[in-house]
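Student: Take a look at the letters that make up each chain.
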Amino acid sequence: MKQAAAPNNPLELEQTATHAKAQRRTGVMSRLLKDKWLYVLLTPGLLYFIIFKYVPMWGVLLAFQNYQPFLGFWKSDWVGLEHFRVFFTNPEFFMLLRNTLLLSFYNLVFFFPAPIVLALLLNEVRRAFFKRTIQTLIYVPHFISLVIVASLTYVFLTTQGGIVNEMLQQHIGTKIDFLASPGWFRPMIIIQTIWKETGFGTIIFLAALAGVDVEQYEAAIMDGANRFRQMWHITLPSIRSTIIILLILRMGQVLDNGFEQIFLMLNPLNREVAEVFDTYVYMMGITQGAFSYSTAVGLFKAIVGVVLVLGTNWLAKRFGQSGIY
Amino acid sequence: MNKNSRKWISVAAVSTIAMTSIVGCSSGGKEAASSPSAASTAAPSAAATAAQQQKPLDLNIMLPIFKTNFPKDDGPVVTEIEKRTNTNIHLEWVPNASYTDKFNITLASGKLPNIIYVPDVKNPSFVNAAKSGAFWEIGKYLKDYPSLSQANSVIMNNSSIDGKNYGVYRGRALGRNGINYRKDWLEAVGLQPPKTIDDFYNMLKAFKEKDPDKNGKDDTYGMVMVKWTGQWASSFDIIKLWFGAPNKWGVADGKLVPEHQTAEYLEALKFMKKLYDEKLINQDFAVFDSAKWNDPVVNNQAGVIVDVTDNAARLDDKIHQTLAKDGKDNPNIHYIDNMIGVTGKNGLKALPTSGFAGLLAIPKSSVKTEDDLKRVLTFLDQMNSPELTTIAGYGLEGKHYTKDGDAVVPSKDSALLESEVEGLNQMLPFIPEDRGLKVKQTPLRLQTTKIQKEAEQYIVANPAEPFISQVYSQKGQQLDNIINDARIKFIVGQTDEAGLKAAFETWKKSGGDDLVKEMNDLYAAVKK
Amino acid sequence: MSKTYRSFAGTLFDVSNYIFLSIVGIVAVLPFIYVVAGSFASDAELTQRAVFLIPKSFTLSAYEFIFSTDTILKSIGVSLYVTVVGTLVNLFFTVTMAYALSKKNLMGRNTFLNMIVFSMLFGGGLIPTYIVVRELQMLDTYWALIIPGAISAFNLIIVKNFFQELPQELEEAAKIDGCTEIGLLMRIVLPLSMPVLATFTLFYAVGHWNNFFSALLYLNDPAKWPLQVMLRQIVLLSQMAAGDMSQVDPQFVKQQEQSIKMAVIVVGTIPILLVYPFLQKHFAKGVLIGSVKG
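Protein chains in written order, with the working numbering: chain A, 1 to 325; chain B, 1 to 528; chain C, 1 to 294.
The shape of chain A in the complex, shown without the other chains (with noise of 0.2 Å):
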């Protein structure tokens, strides 16, 4: 019998009801019960989050208080926005302002490219020997300790015996202070940089040209597209979004320094140029034990960070980018 067939029975008019109503309900629980397993997966990292990011925050308060570390939390006496206070007011600011974003800004320019542009001539290379020798190489300077190099940058540049010195010596007459003169100081971290962290970063640009799929790359040969060509229309494109995820991220980073490579290589000559923030909270740091003036600074920092990486996120989806969402 045709039990299925349109709901004039009262009965069935009631479950189609019932039904639609149901169906009404695709808010929440639905979606919840549709992608069950993808909370499932969530889980574990959602927990993790919590436990050590969220439940720690209250760490964030101590920039509010003179927080000393036998008193504990509840004990220390709270001293609302001092550090901020002396944070801003100290005469030093704008200096170590303009020192660290110059340095950040430095770094964002010259080395930021570096990882890039030596990832794309090294999918260039054909014999798959020398790219692999080449990229066990330049993976190397990462895992050499900062202070190696600080000891190798001042046997190469002291005006003492240095190798480059004498060879300046040599050849055109004088010494160059690498060392201590403030004007060196920004161009030898960033050569620093490079050379020790280049080789390592292009890992990441090599993972996503892996993906490339190379019938893309036959089918523009077909067209005459010569190298170059491939490179602008297939190969960089391909790593766009990673770039672009990864200057976002970095935006957020815009105030940190990496402590130890400049606090190795500041000394009382150069320290108009080379003193940044993270060198600055340290030193306030020995004299003070400041767990809070750190944590206040860090909160600054923060607030910085995130206010650019939202708006650079922000700027990225302008030009139709898919940014970190």
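Just so you know, the hints here were simulated from the structure itself, not pulled from any lab data. Backbone N, C-alpha and C fix where the C-beta goes; we use that ideal spot for every residue, glycine too. The hints are all genuine.
DSBU-like, lysine-lysine: derived pairs with alpha carbons at most 30 Å apart:
{"hint": "1", "chain 1": "B", "residue 1": "K368", "chain 2": "B", "residue 2": "K83"}
{"hint": "2", "chain 1": "B", "residue 1": "K214", "chain 2": "A", "residue 2": "K175"}
{"hint": "3", "chain 1": "C", "residue 1": "K224", "chain 2": "B", "residue 2": "K364"}
{"hint": "4", "chain 1": "B", "residue 1": "K255", "chain 2": "B", "residue 2": "K509"}
Sample of chain C residues lacking proximity to chain A, with all beta carbon distances greater than 10 Å (derived):
{"hint": "5", "residue": "V84"}
{"hint": "6", "residue": "A174"}
{"hint": "7", "residue": "R187"}
Let chain A serve as the given structure and place chains B and C on it in line with the hints.
Tutor: Using the frame of chain A, we list chains B and C on its own:
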């Protein structure tokens, strides 16, 4: 840590019960015998006897370790120390590079060991904790102990907070600073050891110009200096005293004056500039890493290091080693000599150290009663005895060292020494002095000990040493940087005297004036 | 036509490229060669010669010293254990969360992402994290080196983005064939993401291998020290860090020999250097071919 503190509590409980039962049981004949003897003997031996009768004292000791190997709790040397002091020691080794972080974390965690090394007595975390009652104030207890009672009062003052001592200081020689120089070079250029500042200058000049290493090349200079990071005394700080400048703070008209505001300081700076301009010191001293300080002297590039005089022996050993590799060593002579200093117009002046290298503090949370404190102090007192100082310093005779007369000849097995002995000397207070056996005292070493002792009469003390300044803890580092940067720039010629004076003015306005006022208030309070 | 065009400009480019890359490779590896050379040299030579590539005085004494006690070997074992287990934990946590968040229509997705980005920049700091670790009874255990760093938000976001780029058709095709969400992840997405997974395995592994600070903080028992702590002890012994006692205390703390410093660096770096060549085969091109068409 949990286990150990529980163990400590149970041992304390058991020993208390044991003591009560001993006292309780010794009714009748025994009591009559024991009480008069307990009453009549002096406190120290009573403490010793009591220690012998009690269960071993559980001690958690937190110390810095400088190597990758470290003595284990059950190692032979530790065991020997435990036997002799009736203790059960657990060592908490912390890598020295992160000691301050670990120290702060430990304070925050509330689980402190029984003895904790405190690197910087002025560190605000420690000062704050001490003032809040975290540590026992041990000053008044020291008189009861044979060695500890001989603690040097100047050093006690230097290591105090508001006049109170919150730990046993680890003694170091006071008169450690002076001049180390290449004796063979001095002889090669035909000069006598310098007596005055001019002699010193001439020595440096001769080292530069007269090819003292006789290699035919113009590749030597006078003195090597290093990048000063503000954490310790630089060569300059030693030299400035020769000119009559004060040590950090001088006294004029009964008030404290910062050193850089004195005329003598400027004179000393100008001298340094002269040395730099004439290339008598290494031109890159402002960036030269202190790790490499000794290298130029060993490498026949420089002839003088103004630093701690015990460095002379080390330098000498290195030179012998290097020459031995090339087969050119003469083991019977010393290549390095040292001296206290040269005289300026005010006579001979020496830069003292503070006399101590950190404290061994005793937290109240882990050492709960006064009796417990006394037992811990007994342990620290015993560690000053010659035998225990030697054991903690060099290990066990026959295994870690052999004796050559009265001198210690350490084993050549460095790995063995590192995993059983090295590091234990971090817990030695050396009060009143180092009474242990020493390594073979070459003439140089004997001389070093002699001049370090002798230097004590010539030291220029820092009258503000024990003061803890609020201004300094907020801005101290910055203020120091202003002066230090200025003086280095002046020496290398990046600024002139006007620039230097301008920097001094900046110092005043950036908080220097406040600092001077605060220090003077503290000074006035103490003088009364 | 295109072939002849390639053969000139292209070859010129190739040749210069090879030369350039060779130079880059050499410049990159020279300092390491110096360190290796130094580890086989005598201390006297290290004092005399500032920099060299071939030691004049070949000696194995530094290595003999290192391996004479088992401390260094044990710490290598610790580092290996923490790296392997840690990286597996990292991958598990990161991949699961990244995959879930790569689905754009997941409810709450933006909230979660905001939360993650926020946590990347704002943090509680040393002490509160230490307290959490302590309360979880992880102090002085190896878990303290593994769990608190289980996910790097930075890595998470990049992995998520990679997953996002995978063609939708794949998922649809699999679902039509009756694949579950987890099955999809395991059988299709992961195999296709090998380059990404290889990359982040490497990043996490290197992170674990190089980490010393967590060890300093959370481990009280020196027997549990990973290799990097040992390394830092040796290399930094003569550095002027705050509170460093060696300058004040040189008579009580003997300096470590230069050659031993170098040898420890070599021993500490070689294992992790070897990881990369192993992972390289996963960076092969064209992994995605045929996956959609088939």
